[in-house]
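Taken in order, these protein sequences are the chains called A and B. The numbers in full-length UniProt numbering rise by one with no breaks, and the one at position 161 of the first sequence is 161. The numbers in full-length UniProt numbering rise by one with no breaks, and the one at position 20 of the second sequence is 20.
Footprint (simulated), chain B over chain A, 3 or more residues, beta carbon under 8 Å:
id	region
1	49 to 59
2	83 to 95
Only part of the chain B face toward chain A is listed, based on derived beta-carbon distances under 8 Å:
id	residue
3	R167
4	V170
5	R173
6	A174
7	D178
8	A180
9	Y183
10	S184
11	G186
12	I187
13	N188
14	V189
The hints are simulated quantities; they were obtained by calculation from the structure and are not laboratory data. Ideal placement from N, C-alpha and C gives every residue a C-beta, glycine not left out.
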Amino acid sequence: MTAAPILEVTNIEVIYKKTIQVLRGLSLAVPKGEIVALLGSNGAGKSTTLKAVSNLLSLENGAVSAGSIRFAGTDVSTLRPHELVRSGLFHVMEGRRIFEDLTVDENLVAATYARTGSAAARFDLVYEYFPNLHTRRGVRAGYLSGGEQQMLAIGRALVAEPQLILLDEPSLGLSPKLVEEIFTIIARINAEQRVSMLLVEQNAAIAFAVANYGYIMESGRIVIDGPVERLTRDQDVREFYLGLGGEGGARSYRDIKHYKRRKRWLS
Amino acid sequence: MEMDWLLLAEVSLAGLGTGGLYALTALAFVIIYKATRVVNLAIGEILMLGAYAFFGLAAGWALPWWVAALGALAVAGVFGAVVERTIIRPMLGESPISVFMVTVGLGSMLVGVVELIWTADPHRLPEFMPNTPILIGDAFLAPKIGYGFMVAAAVIAVFVLLFRFWRGGVALRATASDQAAAYSVGINVPGVFSLAWIVACMVAAGAGILVGSIGGISSTMGVFGLSVLVVVIVGGLDSVPGALVAGLLVGLVEALAGAYLGGEFKLLATFSLLVAVLMVHPYGLFGTREIERL
Ligand SMILES: Nc1ncnc2c1ncn2[C@@H]1O[C@H](COP(=O)(O)OP(=O)(O)OP(=O)(O)O)[C@@H](O)[C@H]1O
Ligand SMILES: [Mg+2]
Numbered sequence: 001m002t003a004a005p006i007l008e009v010t011n012i013e014v015i016y017k018k019t020i021q022v023l024r025g026l027s028l029a030v031p032k033g034e035i036v037a038l039l040g041s042n043g044a045g046k047s048t049t050l051k052a053v054s055n056l057l058s059l060e061n062g063a064v065s066a067g068s069i070r071f072a073g074t075d076v077s078t079l080r081p082h083e084l085v086r087s088g089l090f091h092v093m094e095g096r097r098i099f100e101d102l103t104v105d106e107n108l109v110a111a112t113y114a115r116t117g118s119a120a121a122r123f124d125l126v127y128e129y130f131p132n133l134h135t136r137r138g139v140r141a142g143y144l145s146g147g148e149q150q151m152l153a154i155g156r157a158l159v160a161e162p163q164l165i166l167l168d169e170p171s172l173g174l175s176p177k178l179v180e181e182i183f184t185i186i187a188r189i190n191a192e193q194r195v196s197m198l199l200v201e202q203n204a205a206i207a208f209a210v211a212n213y214g215y216i217m218e219s220g221r222i223v224i225d226g227p228v229e230r231l232t233r234d235q236d237v238r239e240f241y242l243g244l245g246g247e248g249g250a251r252s253y254r255d256i257k258h259y260k261r262r263k264r265w266l267s
Numbered sequence: 001m002e003m004d005w006l007l008l009a010e011v012s013l014a015g016l017g018t019g020g021l022y023a024l025t026a027l028a029f030v031i032i033y034k035a036t037r038v039v040n041l042a043i044g045e046i047l048m049l050g051a052y053a054f055f056g057l058a059a060g061w062a063l064p065w066w067v068a069a070l071g072a073l074a075v076a077g078v079f080g081a082v083v084e085r086t087i088i089r090p091m092l093g094e095s096p097i098s099v100f101m102v103t104v105g106l107g108s109m110l111v112g113v114v115e116l117i118w119t120a121d122p123h124r125l126p127e128f129m130p131n132t133p134i135l136i137g138d139a140f141l142a143p144k145i146g147y148g149f150m151v152a153a154a155v156i157a158v159f160v161l162l163f164r165f166w167r168g169g170v171a172l173r174a175t176a177s178d179q180a181a182a183y184s185v186g187i188n189v190p191g192v193f194s195l196a197w198i199v200a201c202m203v204a205a206g207a208g209i210l211v212g213s214i215g216g217i218s219s220t221m222g223v224f225g226l227s228v229l230v231v232v233i234v235g236g237l238d239s240v241p242g243a244l245v246a247g248l249l250v251g252l253v254e255a256l257a258g259a260y261l262g263g264e265f266k267l268l269a270t271f272s273l274l275v276a277v278l279m280v281h282p283y284g285l286f287g288t289r290e291i292e293r294l
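The shape of chain B in the complex, shown without the other chains (with noise of 0.2 Å):
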C-alpha cells in the first residue's frame, strides 16, 4: 500500500490546528495553577460556560457576534473572580486535595445550571468566521481550525510577552516562585491570586468560544477538559511553555491516531503519551522538578 502524504500532511494540519485549542486552554490551568497551586478541574466547564454564554448573547439575545464575544469574557472573568473569592481564597491553607475536590464540584454544577437554562441539547453557535478553505500547499485544511488555531496562537504569544516584560507578569512569577517572599517586595498576593482566576476563566472562555464554532456546543463539551489534563501534565503543570509544546503534541498523536488506527484509539494513544513522558520524566517535559505534594 503507497502512503498517502497529502492524507497525512492534512491530518496532522488538523492535529495541530486542535492542538492549538488545548494549548490555549492549558495555558488557562497553567495560570491559575502557578499563581494559587490550585489543580483547577473545573476548567473544561468554565471552557463550556464560556460558549454557553456566547450562545446566549449571540443567538439568544441576536447582538452582533463581537458583542457577544466581550459579553461572554466578561461573564467569564465576573465568574472567576467571584468564585476565587467566595470559594478558593477561603480554603487557603487546606490540603490541595479538598480544594482539588471543590473544583470538581464547581463543574458539575456549571454543567447542572447550563442544562437548566438551556437543556443537555447540543446547539449550534452562529458562524462568524471566514469560510473559504485553507490550503497549504495541496492540503487543505478546515477554516474554521484554521482560523481558531491563529486566533489560539496570537492569545498565546500575547500572554508570553506579558508574561515577560509586564511588571504584573513579574509579580505572577514571584507569587509563583515564593509566596511568603511575594510578600515580602510589596506584592498584593491575594490581588494576583484574583487577577489570575479572572484572566484564567476569559482565557478558557475564549477558547470555549471557538471550540463550539468548530464542533458545536452541547453539555457534555465539559470532557474537552480532560485531554487539556493531559495536555498540562505532559507539559508540567506550571509551565507555559509545556502547555504549548504538550498541547500540539496531544492533538497530533489524537489525530493521527483517530486517521489511522480508528476513533476508539484516539484516548488510548493520549494516555499512552502520558505514561510514556512521565516515565521519562516524571515532572512532565518542563515541569518545576520540587512541585507536586498532591
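Only chain A is shown next, with the shape it has when bound in the complex (with noise of 0.2 Å):
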C-alpha cells in the first residue's frame, strides 16, 4: 500500500494571456520522499507544469483554467506565492534566478523569507553540502560560476525546508561533469532530508539516475509514463530520450545511483 501524494496534479489546463493554451488535461503525482522526472522536448510545457503548482504562472499573465493541484492534501489554487513556499513548497526555477546583487550569505538570508522558525542551523547545513559557497559567501553572487550559481539556487532550497522540491532543469548550461557533481548532491539531498523532488530535465539519462518515476510530456500532455526501470526498456523513450539506438548501455552515472539504492535500503 501506498500512502497519499505529496503532489497530485490532475487534469490541468493552462492558459497565457488568456488566448494561449500550453497544458491540456496534465496529470501527475510525486510519491512522498521520491524523486520524479518530468521529460520533454522545448517547448512541451515543463517549466509551465511547474509555474502552475507553484503558482508563479499568475506573474506571466497564466492561469490553471481546468482541473485540480493538491500539495500535501490541500488546494493550492487559492494560496498567493509566498504563502506555499512557507506551506513548504519550494521552486528552484529555470535559469536559477539568484539575486545577482546580493552576496551569497544575503541570498541565503532572503529564503529565510520561506520559513518561520530560524534558519541558523540551515545555513550550516547548506554549506555542508556545497563547500565551495562558504568560500565564497561574501562574494556577490552575480560573480559566481554558472555551477555555482546552480548550488546557491539549491541552497535556498534546503534553507526553506520544504517538503516538495520543484526543480526546473538544474543541468542547464554546465559541463558533464558539474552535472554529475550537482546530480549526486541532488540525490544525496532527497536521501538524507526526505524532501520529496519534481524534476524537469532536457537531459533524461541523468533524471532517470536519481529518479524512481518519470513521465514524459508533448504539448501539453503526458504521452508516457512508469517507473524509471521500465521506461529506460522502452524502445522508444531509448530511441528518443536517451539518443539510445536497439543497444548499447547509457552513460552509467553509477556513483549516483548508489544513493538511490542506498535510500530505498533506508526506508
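Join the two chains, each given in its own frame, into one complex according to the hints.
In C-alpha cells, the structure reads:
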C-alpha cells in the first residue's frame, strides 16, 4: 500500500494571456520522499507545469483554467506564491534566478522568508553540501560560476526546509562533470533530508539516474509514464529521449545510483 | 582680483548642506524605484505634503514641534500606503510610462489639495532648530542648513545600515533584483511594495519639514523635486550611494553657480552636469546597467 502523494496534479489546463493554451489535461503525482522526473522537448510545457504548481504562473499572465492541484492534501489555487512557499513547496526556477546583486549569504538570508523558525542551522547544512559556496559566501552572487549559481539556487531551497522541491533543469548550461556533481548532491539531499522532488530535465539519462518514476510530455500532455526501470527499457524512450539505438548502455552514473539504492535500503 | 577663500568655503558649505536634503529626498525616490520600478514624479509634492502636515499640526493645532513632526510622518506614511494599494498596485504590469504619468497627476492633485486648505500663499514653519551660528574654521554656516544637514545625514546613515544588515533590507534588494525569484523564496512581494511606499513617503515628508523650516513653505515648493530628479538621474535611479554622492554634487554645483555666475545660472549648471554625466555614464554614476525601458 502506498501513502497519499505529496503532490497530485489532476487534469490541468493552463492558458497564457487568456488565449494561448499550453497544458491540455495534464496529470501527474509525486509520492512522498521520491524523485519524479518530468521530461519533454523544448516548449512541451514543463516549466509551465512547475509554475502552475507553485502559482508563479500568475506573474506571467497565465492561469490554470481547469483541473486541480493538491499539495500535501490541500488545494493550492487560493494560496499566493509566498504563502505556498511557507507551507513547504519550494520552486527552484529555470535559469537559477539567484539575486545577482546580493552576496551568497544574503541570497540565503532572502530564503529565510520561506520559513517561520530559525534558519541558522540550515545555513550550516547548505555549506556542508556545498563547501565551495562557503568560501565564497561574501561574494556577490552575480560573480559566481554557473555551477556555483545552481548550487546557490538549490541552497536557497535547503534553507526553506521544504517538503517538496520543484527543480527546473538544474543541468542547464553546465559541464558534464558538474552535472554529475550536482545530481549526486540532489540525490543525497533527497535521501538524507527526506524531501520529495519533481525534477524537470532535458538530460533524460541523468534524470533517470536519480528518479524513481518518470513522466514524458509532449505539447501539453503526458504521453508516457512509468517507473524509471521500465522507461529505460522502453524502445521509444531509449531512442528519442536517451539518444540510444537498439543496444548499448546509457551513461552509467553509477555513483549517483548508489544514493538511490541506499535510500531504498533505508526506507 | 584676489580669490576670496572664505566666501568659497561658505558657499560650498551651504551647497553641501542643501545637497544633504537633496540626497535625503533622492533616497525616498530610490527606495520606491528599487522596489517597484515606478518613477515617482510626485516626490517633490509628497515632500510638500509633509511640510504642510507639519505646519497644520504645529501652527494650526499648536502641538509641540516634535509631536507635529511625528504626526506629519504618520500622515505621509498613511498616504503612501493608500496610494500604493489603490493606485499603483492595480497598475502593475502596465507600461512604465502610464504609471509615471499617474504620479504626475498625483503631484498636481496634492498641490490642489494644499491650495484648497492653506491657500497658495507662502507660510513660515514654527522655529524648532537651535539658531546659534555654526562656525567651521572661520566659515559661517546658517544654523538651519547645518542642522538640517546633520539630521539628513543621520537618517541616511540609518537607512544604509538597514539596507545592508536588516532582513527586510535584504528582501527589498532581492525584490529589486528579481521579482519572480523573490516570490519563489517566500518573500511577500506586495508587502515589500507597500513598505517601500510607506517608508519613502515618510522620508520625503521628513525632508519636507527640514526644507520648509529653512526656506518656508508654499504650494510651489514641489519644484524641489525637479532638482531631486536631476540628482537621481545623475546618481543612477536605483542606487543609494548614487543618490548620496549626486545629492551633494548637485547641491554644491548649484550653490557655486548661484554665487559666482548669478542665480539664473543655477539650473543651467545642474543640467549641464546632468548632460555631462549621462554622456560618460548613460545609467548614472552608480546605476545598474540593464535597467531603463522607459
Ligand atoms: N509567459 C508566457 N506567455 C505566453 N506563452 C508562454 C509563456 N511562457 C511560455 N509560453 C509558451 O508555452 C509553451 C511551453 O513553455 P514552457 O516554458 O513551459 O516549455 P518547457 O517545456 O519548459 O521548454 P524548455 O525545455 O525550453 O524550457 C511554449 O510554447 C511557450 O512559448
Ligand atoms: Mg522550461
